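**Q** We have chain A already, so just place chain B on it with the hints.
Going line by line, the protein sequences match chains A and B. Under the working numbering, think of the first position of the first sequence as 1, with each following residue one higher. Under the working numbering, think of the first position of the second sequence as 343, with each following residue one higher.
If you're looking for bench data, these hints aren't it; they were derived computationally from the structure. As the structure is a computational prediction, the values presented were derived from the model and not from experiment. Please note: incorrect hints may appear among the correct ones.
[To be verified] Keeping only pairs whose Cα atoms sit at most 35 Å apart, straight-line, the calculated DSBU-like set for lysine-lysine is:
#: 1; chain 1: B; residue 1: K460; chain 2: A; residue 2: K247
#: 2; chain 1: A; residue 1: K256; chain 2: B; residue 2: K363
#: 3; chain 1: A; residue 1: K143; chain 2: B; residue 2: K362
#: 4; chain 1: A; residue 1: K256; chain 2: B; residue 2: K394
#: 5; chain 1: A; residue 1: K256; chain 2: B; residue 2: K398
#: 6; chain 1: A; residue 1: K107; chain 2: B; residue 2: K362
#: 7; chain 1: A; residue 1: K143; chain 2: B; residue 2: K363
#: 8; chain 1: B; residue 1: K362; chain 2: A; residue 2: K3
#: 9; chain 1: B; residue 1: K402; chain 2: A; residue 2: K247
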Amino acid sequence: MIKLTEYSKNGGCAAKIGPGDLAGVLGQLPRTADPRLLVGIDTSDDAGVYKLSDTIALIQTVDFFTPIVDDPYLFGQIAAANSLSDVYAMGGKPLTAMNIVAFPVCKLDPGVLLTILQGGQDKVIEAGAVIVGGHSIHDDEPKYGLSVTGIAHPDKILTNAGAKPGDVLLITKAIGTGVLTMAARADMFPEGVAAAIRSMVKLNKAAAQVMDRFTIHACTDITGFGLLGHLREMAIASNVSMDIDTKTLPLLPEAKEAAEMGLVPASAYNNRGYLTSVTFASTVPEYIRDLCYDPQTSGGLLMSVPEDIAAQLLSDLKQAGIEESAIIGRAFNKKGGEIYVC
Amino acid sequence: MFVSVDARGLACPRPVIATKKALEEMVDGIISVVVDNLAAKENVVKFATANKCEVKVEEKNNLYSITITKGQGTVAELVHKGVQNDTVYLITQQTLGQGNNELGAVLIKSFFYALLEKEPLPRAIMFINGGVFLTTESSPVLEHLTALNTKGVQIRSCGLCVDYYELKDKLAVGEITNMYSIIEELSSASKAITL
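Pulled out of the complex, with its shape left as it was, chain A reads as follows (with noise of 0.2 Å):
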């Protein structure tokens, strides 16, 4: 049995450059002005939007990275689940996907390849979208994702900038994606394992279209940067400060004992490092910190969302399936991108 994982230093989103290299780079480039670019990169937002008319809109978004988990399968899946999450936090359909590949052909059987490919497919499927093309190279370190295109009305799209004073915050999936994947590697928490790989092949569709039925003013998904960075993210762009209460916070299975056995994965602590504008109460124990500052990958969607529908979109959410859904936090009218944690 292959052991994919063994041909990579960090899995999944825990691959991704930190956001503080990224904003040093990306803030040298000149920025492009058209009128019909509704999203850029100036919000870091989940994906780009174009308006090809006063209808639709183009949503267009890349993501690929490192296998995460070793069966071949699943890590096409939840690649695929990933990188089609971004459309939907974007409150797109996705339409098509290009699959991105970079393969040890000499080192692995092509057999795996195809099998990556497969799982890729089945997501892309089941999300009713269809895959038409792709790009691969060879690489000694495997990595797979896609580049996927959907479609939303433009007055229709969900930015990280429209969270408004007083809102609610919803979170659609539970953290620890991330020390889970560290337990999986050091074959330890398998109960946890398990319970972070069923996360991470789910796709977001359903609550995308659960959302779709309210009045929702800003949505992301939380990735790579962990909770607090795509808070903090969304916070920044939308010019409110946050409250979060980590009690009702949705926790993986043993992700609190394989965060307190130091199964962390270093990007954790790049994401804690880069975070300096987040206060913890005291009262929050090590764990919840480090789980907060975890790096997701296939994570769940963060909503902001106006008080008086939170608890409705809250039990449609649950009612379709989506249990692990909880109400997280509120947003507030203070010094932007401020966050408080208790």
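**A** Okay, now just chain B, sitting in the frame of chain A:
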């Protein structure tokens, strides 16, 4: 028991896995882990704390030395309880005192017998030159030294001396050490006694 784990250059979670392996193979003693990045340091400290071990970290030149103390029978715990103190003995010959050698042989036996009977026990006993005859097979005090060793007293014999007297294969108690470690032990002890 003392184990060192070199986890430099290893990506997470491998430093934790290496520490876990060392900890599982040990009933009590000290593990010294060296890592070269902050994430590995934090994770090894978390792991050791979760396993109810005492942890101490020192940083030097971007390297972190993590000292993990496991169990009840460790030196630190014993010193704390007054069973053991921080004294180190340096034994330089196989008899005790100057003068008649027969008398010296009797005296050294009664010395180790008395040492064994009286608490607190010393932290370590170092043997150099002719002293190494006491830690090797035909030693008249082997029984006492073995008993001291089981009670947590470190027994160390000078490697160069053991080689010189061709006793290398005959070491019967404790471990081989070198001059650097001997100096370190003597200078770090609260009291060093030479006999």
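**Q** Indicate, hint by hint, whether the structure satisfies it.
**A** Evaluation of the provided hints:
no. : hint            : verdict
1   : B/K460 - A/K247 : 55 Å, violated
2   : A/K256 - B/K363 : 21 Å, holds
3   : A/K143 - B/K362 : 30 Å, holds
4   : A/K256 - B/K394 : 16 Å, holds
5   : A/K256 - B/K398 : 24 Å, holds
6   : A/K107 - B/K362 : 31 Å, holds
7   : A/K143 - B/K363 : 31 Å, holds
8   : B/K362 - A/K3   : 21 Å, holds
9   : B/K402 - A/K247 : 39 Å, violated
Hint violations for this structure: numbers 1, 9, all remaining hints satisfied.
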